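Chemist: Now for the letters of each chain:
2 protein chains.
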Amino acid sequence: MPFSFKVNKTSDKARAGLLCTDHGEVRTPVFMPVGTQAAVKAATPENLENIGAQIILANTYHLVLRPGSDLIENLGGLHAFMSWNKPILTDSGGFQVLSLSDLRKITDEGITFRSHIDGSLYLFTPESAVEDQAKLGGDIIMSFDYCTGYPCDYDEAERAVDLTTRWAKRGIDVFGPRFERNGYERVLFGIVQGSTYPDLRDKSLNELLDIGFPGYAIGGLSVGEEHPQTWDLAEQVADRLPADRPRYLMGMGTPLDLVDGVSRGIDMFDCVMPTRNARNGTVFTKTGKLVLKNAVHTSDSAPIDEGCGCYTCRNFSRAYLRHLFQAGEMLGPTLATYHSLYYYCDLMRQIRHVIARDDFRKWREEFNTVYSTGADNNG
Amino acid sequence: MPFSFKVNKTSDKARAGLLCTDHGEVRTPVFMPVGTQAAVKAATPENLENIGAQIILANTYHLVLRPGSDLIENLGGLHAFMSWNKPILTDSGGFQVLSLSDLRKITDEGITFRSHIDGSLYLFTPESAVEDQAKLGGDIIMSFDYCTGYPCDYDEAERAVDLTTRWAKRGIDVFGPRFERNGYERVLFGIVQGSTYPDLRDKSLNELLDIGFPGYAIGGLSVGEEHPQTWDLAEQVADRLPADRPRYLMGMGTPLDLVDGVSRGIDMFDCVMPTRNARNGTVFTKTGKLVLKNAVHTSDSAPIDEGCGCYTCRNFSRAYLRHLFQAGEMLGPTLATYHSLYYYCDLMRQIRHVIARDDFRKWREEFNTVYSTGADNNG
Chain A
46 MPFSFKVNKT SDKARAGLLC TDHGEVRTPV FMPVGTQAAV KAATPENLEN
96 IGAQIILANT YHLVLRPGSD LIENLGGLHA FMSWNKPILT DSGGFQVLSL
146 SDLRKITDEG ITFRSHIDGS LYLFTPESAV EDQAKLGGDI IMSFDYCTGY
196 PCDYDEAERA VDLTTRWAKR GIDVFGPRFE RNGYERVLFG IVQGSTYPDL
246 RDKSLNELLD IGFPGYAIGG LSVGEEHPQT WDLAEQVADR LPADRPRYLM
296 GMGTPLDLVD GVSRGIDMFD CVMPTRNARN GTVFTKTGKL VLKNAVHTSD
346 SAPIDEGCGC YTCRNFSRAY LRHLFQAGEM LGPTLATYHS LYYYCDLMRQ
396 IRHVIARDDF RKWREEFNTV YSTGADNNG
Chain B
46 MPFSFKVNKT SDKARAGLLC TDHGEVRTPV FMPVGTQAAV KAATPENLEN
96 IGAQIILANT YHLVLRPGSD LIENLGGLHA FMSWNKPILT DSGGFQVLSL
146 SDLRKITDEG ITFRSHIDGS LYLFTPESAV EDQAKLGGDI IMSFDYCTGY
196 PCDYDEAERA VDLTTRWAKR GIDVFGPRFE RNGYERVLFG IVQGSTYPDL
246 RDKSLNELLD IGFPGYAIGG LSVGEEHPQT WDLAEQVADR LPADRPRYLM
296 GMGTPLDLVD GVSRGIDMFD CVMPTRNARN GTVFTKTGKL VLKNAVHTSD
346 SAPIDEGCGC YTCRNFSRAY LRHLFQAGEM LGPTLATYHS LYYYCDLMRQ
396 IRHVIARDDF RKWREEFNTV YSTGADNNG
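Respectively, the protein sequence lines represent chains A and B.
Here the working numbering = 1-based position in the first sequence + 45.
Here the working numbering = 1-based position in the second sequence + 45.
Don't read these hints as lab results, they were simulated from the structure.
The structure presented is a predicted model; accordingly, all values stated were derived computationally and were not measured.
It is possible that some hints are incorrect.
Repeated chains share a single entry, so a pair holds when one copy, or any two copies, can fit it.
[Claimed, not checked] The list that follows gives simulated cross-link-like pairs (lysine to aspartate or glutamate, DMTMM-like), each with its CA atoms no further than 25 Å apart: (1) K338 / D163; (2) K338 / E91; (3) K131 / E91; (4) K131 / D391.
Just chain A, same shape as in the assembly (with noise of 0.2 Å):
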């Protein structure tokens, strides 16, 4: 189906929706596991759906290195390429250009960068980095942006907002804000930038909805800055998005960080957090973080999360997953993964719940009480 998005209900600023794309619908607040090389680390499509993930992401900049968006559509596109059937959205390369690459030049015309793999030489512009994603083929692909990190001064910031502003300009001009590629549509969201400074927000923002976007997001957030600054400038970008259009927080966070984005009116999230410790036997519970590696786990008969209706929680021990963290085995990180991808995707069917009742407010002070930020549970 066409792409549309719809608030159906929200609970404060809290909002429960449904995206739709060609390759199905999903269903906001959402998080989106991040499959950066076309692959979610440590989990299968199959892992995936049983988990209950409803759209992933995977990154241009890594994809067009290796191995080239020419042989993914050539291959049928991300979606044969990984069998993943249900909606992808591809970032824009614009951050890992920057955090990643070597040798950067930003111009008007683009950015010049090396591979991070071998050296060899590239120019993403805002053209062909849509032109890009489409090859790729994602439902949802972003403007190419010029991603700040932290600190930046204003002058930094500000040259930052004008070029993401005619960069996602001359994207939308070349194909559209909405587009079909090899039989299904293709949607372009902006990307708000500016760094730490209101008015640059604003300025971003306001440059964005003159050219109108199917979708916006909010990026260079939690680069570096202190978190309640993070959270005013994503609340001060949130209010002034238009409602009927969906809002993507890039990048962020804890489960933590998920309440609060959606507290905040935030519809769309992702984040490597729970894949990546999940791989190092950091995984997350109803209470906070747990570290599996911990020798109070030696013996531990309990799963991860108790009452938790996952795979790993349903058949494994705390005290098996700690000796396959011990013993190297690759499946301490697979059931890991497992775990904390359900955890991430649950918690998410829970806040969409909670809206839906209109009790959003009352829930998350319930679970600000019983999830811990502290050390003192890492197990």
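Position chain B relative to chain A; hints supplied.
Modeler: Here is chain B on its own, set in the frame of chain A:
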């Protein structure tokens, strides 16, 4: 149900039978995936069930060193610990003590060695090896043996046979050939040693037959000797083993080895080859090995093995799998392992089928025509 074994059909020397344990039935000939450290590397128990694995093997040496047999018994034994409810076979530890540990000292009492993990000192005796296996919880357990390497001079081989016989007797004197523990039955197999000396193989076999075991294994083969010699010795032993007891050829091997072993009346096999090779990107197909990393697969949309019904072949191309290995994604080993274990289990299914139809010889000729052992199809 209590342990039993029955040969239902033979086709030349090949046998199709049914082995029963308190954890269920095993149709033979059977390949047992290796779960060294209480985990089949890169495979969940759910994967193994879907693949059609009927019984798995775990390694006593590894598990006694880490996490320890007491801990596993306290957590309900291997079946509960690793969430595998079908039969389990544990080896005696003898092979790995001699191949992995340091500072070994072999006496009448047993083998003293240092752990390859932390250098701590252990003594395995014929009694402790069975006791450890009883704690671990395998349905089928192995007598403690002295497994010689290659080359091995006659005197050492003779001493190994003598010790293996005396140790086998000591194990059975304490535990009996079958015993119940923690609510289900354990069955003890003897291991025929004798290195490459036909007379010592006979001596070992005759001494074990005098003791009397519910099943027999052929150990100490494929440790460096030439392949024709391996099969001469295996066949010599298999021909003299009692027809009504299961025959287990330890640690072998390639798909061709499985077919060759079945043709000599072997019922049970184990080998790390399918899982170890898969983690390195080499998988098995009906025409031989396939090296997924090879550049020829860069844009190959074909599955690993046309006509294979496994999850990997139903969903992923060689190009995608090559990409996963190139990118260092854990999903590569996972999907390759899935395929190769499925291939091994499916090969045994086919073999059981053609034995039941008394058509093994003809099937084997066809298999040998199609399956190439050469390097030319390492595609």
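Chemist: All the hints need checking, so say for each whether the structure fits it.
Modeler: A quick look at each hint next to the structure:
Proximity of K338 to D163 under the C-alpha cut-off of 25 Å is restricted to the inter-copy arrangement: shortest distance 18 Å between copies versus 35 Å within a copy. When the C-alpha separation of K338 and E91 is checked against a cutoff of 25 Å, the pair qualifies only between copies, where the shortest distance is 24 Å, while the shortest distance within a copy is 27 Å. For the homomeric pair K131 and E91, the shortest alpha-carbon distances inside one copy (12 Å) and between copies (23 Å) are both at most 25 Å. Taking the shortest alpha-carbon separations for K131 and D391, only the intra-copy value of 18 Å comes in at or below 25 Å, while the best inter-copy value is 31 Å.
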